[in-house]
Amino acid sequence: MRIPEDIRKDIPLTDEVIYFDNTATSLTPKPVIEAMNEYYLKYRANVHRGVHRLSQMATHKYEESRKVTADFLNAKFEEIVFTKNTSESLNLVSLGLEGLFKPGDKIVTTPYEHHSDLLPWQRLAKKLGLKLEFIEGDDEGNLDLSDAEKKIKDAKLVAVQHVSNALGVIHEVEELGKMAKEEGAIFVVDAAQSAGHMEVDVRKMNADFLGLSGHKGPMGPTGIGVLYINEEFFDIFEPPLIGGGTIEDVGLEGYKLAEPPERFEAGTPNIGGAIGLAAGIRYIERIGLDKIERQEHKLVKRITEGLDELEVPWYGPRNLKKHAGVVSFNVPGIHPHDVAAILDNHNIMVRSGHHCALPVMKRLGINGTVRASFHVYNSLEEVETFLGVMEDLVKSLRS
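Each residue of the sequence shown is one higher than the last, beginning at 1 in our numbering.
Since the hints were made in silico from the structure, they are not lab data. Every residue, glycine too, gets a C-beta built ideally from N, C-alpha and C. There may be inaccurate statements among the hints.
Said to hold, decoys possible - Once the Cα atoms are required to be at most 27 Å apart in a straight line, the calculated DSS-like pairs of lysine-lysine come out as:
| no. | residue 1 | residue 2 |
| --- | --- | --- |
| 1 | 106 | 42 |
| 2 | 102 | 76 |
| 3 | 298 | 9 |
| 4 | 321 | 76 |
| 5 | 204 | 126 |
| 6 | 321 | 301 |
| 7 | 298 | 322 |
| 8 | 204 | 150 |
| 9 | 9 | 181 |
| 10 | 156 | 106 |
| 11 | 178 | 204 |
| 12 | 322 | 150 |
| 13 | 322 | 204 |
| 14 | 127 | 151 |
| 15 | 102 | 67 |
| 16 | 67 | 30 |
| 17 | 126 | 84 |
| 18 | 291 | 321 |
| 19 | 106 | 178 |
| 20 | 67 | 106 |
| 21 | 256 | 291 |
| 22 | 127 | 84 |
| 23 | 30 | 84 |
| 24 | 150 | 127 |
To be verified - Pairwise CB distance ranges, derived in the manner of DEER restraints:
| no. | residue 1 | residue 2 | range |
| --- | --- | --- | --- |
| 25 | 250 | 363 | 26 to 34 Å |
| 26 | 268 | 297 | 37 to 45 Å |
| 27 | 332 | 301 | 18 to 26 Å |
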């Protein structure tokens, strides 16, 4: 397979625009759309409990998608719960574990988290009188692992992102997971920006819970996410949502929960979304995560070199081995939104703003950044086009 040429053939939109907004959502290849269309056109029905053949087929495909996702994360079938997105997954974790905490217990996270892996813990700490502590790090997003070891000591829960959506830094989740396990702490991973771009192995991470979104790295549809729940927590984690599909028996005096994963999926799920997610996972597995990583690394290397040549400041780790396919920058004297609008005029799609990481922006003393983020279908030619537009913009400001 030629990278990225053969991938771009499956994504017509790459012929029309330069899409550098993959951190927000990736483009969708034809095989994903075809898999979802097949469900809606050929066996559209609800899953579970239905005896007729359409329901049986839908159930088979839905649960097959769970198996594909489990294998992708090196998890067990019953440890995979489908949600709407990473935000919902992480909120469910905080709600489902609420009963385990007592006042004074400590939660440890980092100052670089997306709001979705910060606000749920802030709310829980405020509600239950918990201590919330942050692992120290530098302005590039690199964590101080010696400080992490100190902070994690006696922690009840540790929550950390795998990759920063604002700075592109790859955090040492495996090392942090080991520290958490040595302390007997619950370890929660936000894999929204890593799944589909690099290996995400819940066993290697020692993850107890992990969330991801199907529409980002896996190139699936929106509205489908994953919550991994370590089987050791099946009888500890209280399902925040109950109702249809979550029970084995119900009487007027009470109920008995179904076995996992059904007990964690209340109501009709996003069936087409789960099927599309599995198609996306199969698609990137055919490409190979190693090839995806190599392609994104090439793009990061070239774009950061180009920005340096233009004397345009960019943020994130200078050690590019720790830099995922996310590059944030600013053009001095121009608001990030204005830069994004100029790039849009040249058919280059980027994101601008605080990227749901306001504490990061406050730390850096800026009101936002322009963010270019990549996937395997992005090319060096697109980066050169981007740098050409940036060169013209910088020259116009300095003339």
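Results for each hint:
1. With a C-alpha separation of about 51 Å, the suggested pair residue 106 and residue 42 falls outside the 27 Å cut-off, and the hint is violated.
2. With a C-alpha separation of about 31 Å, the suggested pair residue 102 and residue 76 falls outside the 27 Å cut-off, and the hint is violated.
3. A distance of roughly 21 Å separates the Cα atoms of residue 298 and residue 9; the hinted pair therefore holds under the 27 Å criterion.
4. Our distance criterion of 27 Å between C-alpha atoms is broken by residue 321 and residue 76, whose separation comes to about 30 Å.
5. About 32 Å separates the Cα atoms of residue 204 and residue 126, which puts this hinted pair outside 27 Å; it is violated.
6. Between residue 321 and residue 301 the CA atoms are separated by roughly 10 Å; this keeps the pair inside 27 Å, and the hint holds.
7. A distance of roughly 13 Å separates the Cα atoms of residue 298 and residue 322; the hinted pair therefore holds under the 27 Å criterion.
8. Proximity of residue 204 to residue 150 is assessed by CA-CA distance (about 22 Å); at most 27 Å being required, the pair is judged to hold.
9. At roughly 45 Å between alpha-carbon atoms, residue 9 and residue 181 are farther apart than 27 Å, so this suggested pair is violated.
10. Pair hint residue 156 plus residue 106 holds up; C-alpha atoms about 5 Å apart against a cutoff of 27 Å.
11. At most 27 Å may separate the alpha-carbon atoms for a hinted pair to count; residue 178 and residue 204 meet this at roughly 9 Å.
12. For the given pair, residue 322 sits about 23 Å from residue 150 by alpha-carbon distance, which is consistent with the 27 Å threshold.
13. For the given pair, residue 322 sits about 18 Å from residue 204 by alpha-carbon distance, which is consistent with the 27 Å threshold.
14. Distance restraint check for residue 127 and residue 151: the Cα-Cα separation of roughly 21 Å lies within the 27 Å cut-off, and the hinted pair is therefore satisfied.
15. A distance of roughly 36 Å separates the Cα atoms of residue 102 and residue 67; the hinted pair therefore is violated under the 27 Å criterion.
16. Taking the CA atoms of residue 67 and residue 30, the gap is about 22 Å. The hint holds against a cut of 27 Å.
17. Distance hint between residue 126 and residue 84 is fulfilled; the C-alpha atoms sit about 26 Å from each other, no more than 27 Å.
18. With a CA separation close to 15 Å, the supplied pair residue 291 and residue 321 stays within the 27 Å bound.
19. For the given pair, residue 106 sits about 17 Å from residue 178 by alpha-carbon distance, which is consistent with the 27 Å threshold.
20. At roughly 35 Å between alpha-carbon atoms, residue 67 and residue 106 are farther apart than 27 Å, so this suggested pair is violated.
21. With a C-alpha separation of about 47 Å, the suggested pairing of residue 256 with residue 291 is violated against the 27 Å cut-off.
22. Among the hinted pairs, residue 127 with residue 84 is consistent with the structure: their alpha-carbon atoms are about 25 Å apart, no more than 27 Å.
23. Proximity of residue 30 to residue 84 is assessed by CA-CA distance (about 22 Å); at most 27 Å being required, the pair is judged to hold.
24. With a C-alpha separation of about 25 Å, the suggested pairing of residue 150 with residue 127 holds against the 27 Å cut-off.
25. In this structure, residue 250 and residue 363 break the distance hint of 26 to 34 Å, their C-beta atoms being roughly 50 Å apart.
26. Taking the beta carbon of each, residue 268 and residue 297 are about 41 Å apart, inside 37 to 45 Å as hinted.
27. Here the CB-CB span from residue 332 to residue 301 is close to 23 Å, well matched to the stated 18 to 26 Å.
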